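**Student:** Listed here are the chains, written in short residue letters.
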Amino acid sequence: MTAVLEARNISRDYHVGGTLFGAGRVVHAVKNLSFSLDRGRTLAIVGESGSGKSTLARILTLIDRQTSGELFMDGAAVDIGRTGVTRDMRRKVQIVFQNPYGSLNPRQKIGDVLMEPLLLNTDMPVAERRERALQMLVKVGLLPEHFNRYPHMFSGGQRQRIAIARAIILNPSLLVLDEPVSALDLSVQAQILNLLADLQDEFGLTYVFISHDLSVVRYIADEVMVMYLGEAVEYGSRDRVFEAPQHAYTRTLFAATPRADVESIRARLARKAAAAA
Amino acid sequence: MHLLEVRNLTVSFDTSVGLFHAVKGIDLHVDAREVLAIVGESGSGKSVAMLSVMGLLPATATVTADSMEFDGRDLLTMSAAQRRKIIGRDVAMIFQEPMTSLNPCFTVGFQIEEVLRFHLGMGRTERRARAVELLRQVGIPEPEQRLHSFPHQMSGGQNQRVMIAMAIACSPKLLIADEPTTALDVTIQKQILDLLVHLQAEHGMGLIMITHNIGVVAETADRVVVQYKGRRMEEAGVLELFTAPKSPYTRALLAALPENATGDRLPTIAGFNPEDLVAQ
Numbered sequence: 001m002t003a004v005l006e007a008r009n010i011s012r013d014y015h016v017g018g019t020l021f022g023a024g025r026v027v028h029a030v031k032n033l034s035f036s037l038d039r040g041r042t043l044a045i046v047g048e049s050g051s052g053k054s055t056l057a058r059i060l061t062l063i064d065r066q067t068s069g070e071l072f073m074d075g076a077a078v079d080i081g082r083t084g085v086t087r088d089m090r091r092k093v094q095i096v097f098q099n100p101y102g103s104l105n106p107r108q109k110i111g112d113v114l115m116e117p118l119l120l121n122t123d124m125p126v127a128e129r130r131e132r133a134l135q136m137l138v139k140v141g142l143l144p145e146h147f148n149r150y151p152h153m154f155s156g157g158q159r160q161r162i163a164i165a166r167a168i169i170l171n172p173s174l175l176v177l178d179e180p181v182s183a184l185d186l187s188v189q190a191q192i193l194n195l196l197a198d199l200q201d202e203f204g205l206t207y208v209f210i211s212h213d214l215s216v217v218r219y220i221a222d223e224v225m226v227m228y229l230g231e232a233v234e235y236g237s238r239d240r241v242f243e244a245p246q247h248a249y250t251r252t253l254f255a256a257t258p259r260a261d262v263e264s265i266r267a268r269l270a271r272k273a274a275a276a277a
Numbered sequence: 278m279h280l281l282e283v284r285n286l287t288v289s290f291d292t293s294v295g296l297f298h299a300v301k302g303i304d305l306h307v308d309a310r311e312v313l314a315i316v317g318e319s320g321s322g323k324s325v326a327m328l329s330v331m332g333l334l335p336a337t338a339t340v341t342a343d344s345m346e347f348d349g350r351d352l353l354t355m356s357a358a359q360r361r362k363i364i365g366r367d368v369a370m371i372f373q374e375p376m377t378s379l380n381p382c383f384t385v386g387f388q389i390e391e392v393l394r395f396h397l398g399m400g401r402t403e404r405r406a407r408a409v410e411l412l413r414q415v416g417i418p419e420p421e422q423r424l425h426s427f428p429h430q431m432s433g434g435q436n437q438r439v440m441i442a443m444a445i446a447c448s449p450k451l452l453i454a455d456e457p458t459t460a461l462d463v464t465i466q467k468q469i470l471d472l473l474v475h476l477q478a479e480h481g482m483g484l485i486m487i488t489h490n491i492g493v494v495a496e497t498a499d500r501v502v503v504q505y506k507g508r509r510m511e512e513a514g515v516l517e518l519f520t521a522p523k524s525p526y527t528r529a530l531l532a533a534l535p536e537n538a539t540g541d542r543l544p545t546i547a548g549f550n551p552e553d554l555v556a557q
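Going line by line, the protein sequences match chains V and L. Using our numbering, you'd call the opening residue of the first sequence number 1 and step up by one each time. Using our numbering, you'd call the opening residue of the second sequence number 278 and step up by one each time.
Same shape as in the complex, but just chain V:
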């Protein structure tokens, strides 16, 4: 089986500054990333701000090109700098953004939000587009009567469902999820994570899940890549990374994550009592 997604030594440099009188400098946002991901699997990318995870998301979703390295989708080489982006490529990969308040056009009805990808990337007639959008609404847990409503009439969780519906309406093989639950409340987060799991089972979707929340990552990922200053400092199966982290940065990250288990609370209270005595 060929991997849905494979990256070989992907790098991305940005040139910043640079005026008439002085050369700018080069920021290596992403350095030599290599990974591959099979159909139906979830790769989590973990990192703090400035780690390059969003740059990677831009490359994977064909928004930005890599400076060097090779990217393969369903076995075919992809280099948008050379070939541009075709409709077929667009249909293979879609993205869901972090903030469902910013990622939906406030003046576009939900039905139009969902039909637009079909309009742009397929030759589907309007009746069929409408039919598919209605199906998709129900699929993500909304109702057909939501078709003619505007984004402001929905809660954050519902908007994230709309964003997910828009992303999967083209039947992509790869879905990039850029912090899809970090703007949501805990209870809504659980619903959206369940929805993503349901959709993955039903459509065999492959996820690249970008997050800084390690408890969510541990719950949803099959494989984990930890990024730090543009480099992958750790890459392996979820169990391997969580049980035996190799890199010092990964261990720092784990140590900094708040722990909500009873033993940790007991230990903290005991330390506090000892300090007060």
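Keep in mind that the hints are not guaranteed to be accurate.
[Stated by the list, open to error] Ranges of calculated distance between the beta carbons of each label pair, as one might list FRET restraints:
#, chain 1, residue 1, chain 2, residue 2, range
1, L, 514, V, 124, 57 to 67 Å
2, V, 270, L, 521, 11 to 21 Å
3, V, 75, L, 334, 55 to 65 Å
4, L, 517, V, 68, 55 to 65 Å
5, V, 242, L, 400, 52 to 62 Å
6, V, 152, L, 374, 16 to 26 Å
7, L, 521, V, 74, 49 to 59 Å
8, V, 16, L, 381, 19 to 29 Å
9, V, 264, L, 320, 26 to 36 Å
Since the hints were derived computationally from the structure, they do not count as laboratory data. If you're wondering where the values come from, they're calculated on a predicted model, not measured in any experiment. Cβ atoms here follow ideal geometry from the backbone N, Cα and C, with glycine treated the same way.
Once you've looked at the hints, dock chain L against the given chain V.
**Tutor:** The following block gives chain L in isolation, referenced to the frame of chain V:
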């Protein structure tokens, strides 16, 4: 006597579609040298309740309470001028977004010194020395140079440290932190939480942590109040809350944590009517 005691607090907002009750009859108290966490999802009224204590709500808000006492003084009957003397000196607050709560037009040194001038009437050299000391206390390297920095020249974590420095400038008796680490990376979050708890213990302050993050509660709190849609669901010691949650809402909240997941789907919170669940 408690440091802060609020009984039967109700906050409502006058909106175009009638009154909206953000907080519906909440009791809470915090003692000196105690860390109280108020935990709840958005819309639970946790921030509004604390803003009403600070007197920072807009004019459209109506605040009523049977009593609201800080350090033995009644905040409800106090004049606005009297209240301004307490707010910022004896009670200080830190907000979620360090980047937007500092004024971008002034150096951080000026902003810290302003607090000292207004509340303590310190002279110029004294203020400068105290500002340096405060920045050192909150762990900012090279504080003498940093006084001249503008907020945009510092990172989010450092700006939050400056906010904390301003908040503790007058050695407050009570510090209210409203989601102080939500905008920060986890490694920085850890540093800020450690700093807050350290300062709280060192100065013997009362600390109220407003948060939606169960992990932050587990890492910092002595006692916890759980709020949901303006109602108090539960109040318990932190260990008690995690080992034997009394309210069905708290149990559902803890079950929805991904780290507590048992099956391949998470249990979800649905269909709670807060009126049925109010803690007695």
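**Student:** Would you mind marking each hint as holding or not holding in the structure?
**Tutor:** Here's how the hints hold up against the structure:
1. 514(L) - 124(V): 57 to 67 Å: holds (59 Å)
2. 270(V) - 521(L): 11 to 21 Å: Since the Cβ atoms of residue 270(V) and residue 521(L) sit about 19 Å apart, the hinted range of 11 to 21 Å holds.
3. 75(V) - 334(L): 55 to 65 Å: holds (60 Å)
4. 517(L) - 68(V): 55 to 65 Å: Cβ of residue 517(L) to Cβ of residue 68(V): about 57 Å, so the range 55 to 65 Å holds.
5. 242(V) - 400(L): 52 to 62 Å: At 56 Å between Cβs, range holds.
6. 152(V) - 374(L): 16 to 26 Å: holds (23 Å)
7. 521(L) - 74(V): 49 to 59 Å: With Cβ atoms ~52 Å apart, the hint holds.
8. 16(V) - 381(L): 19 to 29 Å: holds (22 Å)
9. 264(V) - 320(L): 26 to 36 Å: holds (29 Å)
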